[in-house]
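The primary structure of each chain is shown beneath.
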Amino acid sequence: MTGAQAGPQSAASGSWPEAAEASDETLMERIGAGDARAYQMLITRHLTRNLGFAHRLTGSGHEAEDVVQEAFLRVWKTAGRWRPDGAKFTTWFYRVVMNLCIDRHRRARSAPLDAAGELVDPAADAEEQLRQAQRAQLVAGALTRLPVRQRAAVALCYYQELSNREAAAVLGVSVKALEALLVRARQTLRQDLAVLKTELMGETL
Amino acid sequence: MTLERLKTVLDAYGGAPARWPADERAGLLALIRREPAARAMLDEAGSLDALLAEAPGAPPPDAALMARLMGAAQNTPAPVLRPLLDWSWLWPRMTGLAAAAVLGFVVGVIDLSPVSSDQQTDISGLVFGPDDSLEDMTL
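Chains as they are written, first to last, in our numbering: chain F, 2 to 206; chain P, 1399 to 1537.
Hints should not be assumed to be uniformly reliable.
25 Å max Cα-Cα, derived SDA-like pairs, lysine to any residue [unchecked claim]:
no.	chain 1	residue 1	chain 2	residue 2
1	F	Lys-177	P	Gly-1425
2	F	Lys-89	F	Arg-31
3	P	Lys-1405	F	Asp-193
4	F	Lys-177	P	Gly-1413
5	F	Lys-177	F	Val-196
Residues from chain P that keep clear of chain F, each with C-beta distances beyond 12 Å, as calculated [unchecked claim]:
no.	residue
6	Gly-1425
7	Ala-1436
8	Ala-1438
9	Leu-1450
10	Ala-1498
11	Val-1500
12	Phe-1503
Note that these hints are calculated values from the structure, not bench results.
Don't be surprised by glycine CBs; every beta carbon is placed ideally from N, CA and C.
Okay, chain P solo, but in the shape it has when bound (with noise of 0.2 Å):
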């Protein structure tokens, strides 16, 4: 750990450790420890850490701020199923819809495709076995 980086990590978080980048306190704690110069460069970013204390914050929020908020949602509809018009949820069941598509088209496409006669025969004789059997069949 640099003086380098730790005039930057105060320039940017201020003096107090616990809003240093987590990773970097212990090492910039360290330097601190034993490097004067460090320790000159932590007191002088408290003064304006002290100063940014004292800004006022708001004041807690009260009853009729509750109040009011739930009363604005109870005169708003809320929309418990997805709106008519918001298609987003559907282009994943799509795509998985399109793909199926697509697969059985090419797979209709190569069944469609012209058979050879030795296919053919081959798949007539699967059916209904040999030649002679299909004879022997003839009435």
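Excised from the complex, chain F in its bound form (with noise of 0.2 Å):
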């Protein structure tokens, strides 16, 4: 017999006092039987990094938002049948992310990425901003136009600050192919940038 719900239950009928100490796991648990709190709990754990995460392989903060949306609503369709095997949900979820990226930049690979990620408003009379904001179009520019494993790649170790065998288990692959990843991004970037390296700052890579 299904078992549907009209969506989650009030605070107050699902709330529980060590909804802050609670694992990732245990909010699971209780999202599955329907608790909006352990959701709204999750929510806030997850979200900036899982935000930010998304950012980096769409370059497009509305992309990221609609991800994210995505992702959490199917944390909260699947929370019942979820089970761990052994890998975190932190692990699990940026997985998610990663895959929902992948498949919207599959379906859009005809389209023109959003190069340059957003744009930085530059105060209008202040040279050093306006430099600074040019390098960081650039810079995102570049990271979006990796390819999307090695962008996810680079996100994860470098922005996301994950450790290289949490970033591997993300991805699905060894350390080692994790660290091949790696150096072809960096390869791609450091020959990208070199030119607004030497255009911007007057050096070379």
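Could you use the hints to bring the two separately framed chains together as a complex?
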């Protein structure tokens, strides 16, 4: 028999005092029972870092928000059946976000990505801020032009600050394969950004 | 630890030791302390790191996004119980049931196999006692 409940329970009816200390896995159990407070707690814990991750992969704030919404909705719908299978929730959820980004990237392959990310609004009369904004846009653009798995590897290791083992687990590869992705990514970035470095900083990489 | 390994680590993880593989970090830092060439490699890697650090991140999530996420769940039925068509949870139980059924069948076949006359005698002896006592019971 299928039990379907229309939306999350109210915070009051699903409240429990130890929610803040509960593990992600415990929260998932509670969410599986329709507990809205557990769902809200899980979102609070993981939204910022996964929004940042999705932003690195999509190069777009709006796309990143759509991705995390879809990812959290998947949590809501499947929490009752979720089994960790040895992986931490954090690892599993990064993988969900990454795969959603990759799916979107494949669907939109014909359309150009938002190559430079979102524009940073520089102060009108501050030359250094202008240069900084230009550098930021060019670096974001260079990251966005990387193949998506290389981009994910860089995002996980450099911006999400995961260990090499954790990043490899998210990508579903060995640590050696992760290193190969990172080496290729840095080689490409070095070449791509050499021009930028010369132009904006008067140096060579 | 070798210069070759240091080069691979720097090419992959950059110049920040915090990103290096934890089990190699101490060895690599020791190599950098004693080898000037290793120090130069580290400095070179830091140049790209500095640029990468300038990439803008996502703005922090606002209350509107949180409300959107909760609202999306509000409009989506949560499968509290396992869906009817999802039988994956049943397989481990079915395996146990099937094993019990096979065992029961095997035991049943063994019990139904023909019993020799000697065994019959033995069994009747166990149930009714020796032949003479059986005769005593006859009216």
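Now for the hints, and whether the structure bears them out:
| no. | hint | verdict |
| --- | --- | --- |
| 1 | F:Lys-177 / P:Gly-1425 | 18 Å, holds |
| 2 | F:Lys-89 / F:Arg-31 | 16 Å, holds |
| 3 | P:Lys-1405 / F:Asp-193 | 20 Å, holds |
| 4 | F:Lys-177 / P:Gly-1413 | 18 Å, holds |
| 5 | F:Lys-177 / F:Val-196 | 30 Å, violated |
| 6 | Gly-1425 | 15 Å, holds |
| 7 | Ala-1436 | 18 Å, holds |
| 8 | Ala-1438 | 14 Å, holds |
| 9 | Leu-1450 | 6 Å, violated |
| 10 | Ala-1498 | 25 Å, holds |
| 11 | Val-1500 | 28 Å, holds |
| 12 | Phe-1503 | 31 Å, holds |
Hints 5 and 9 from the earlier list are contradicted by this structure; the remaining hints agree with it.
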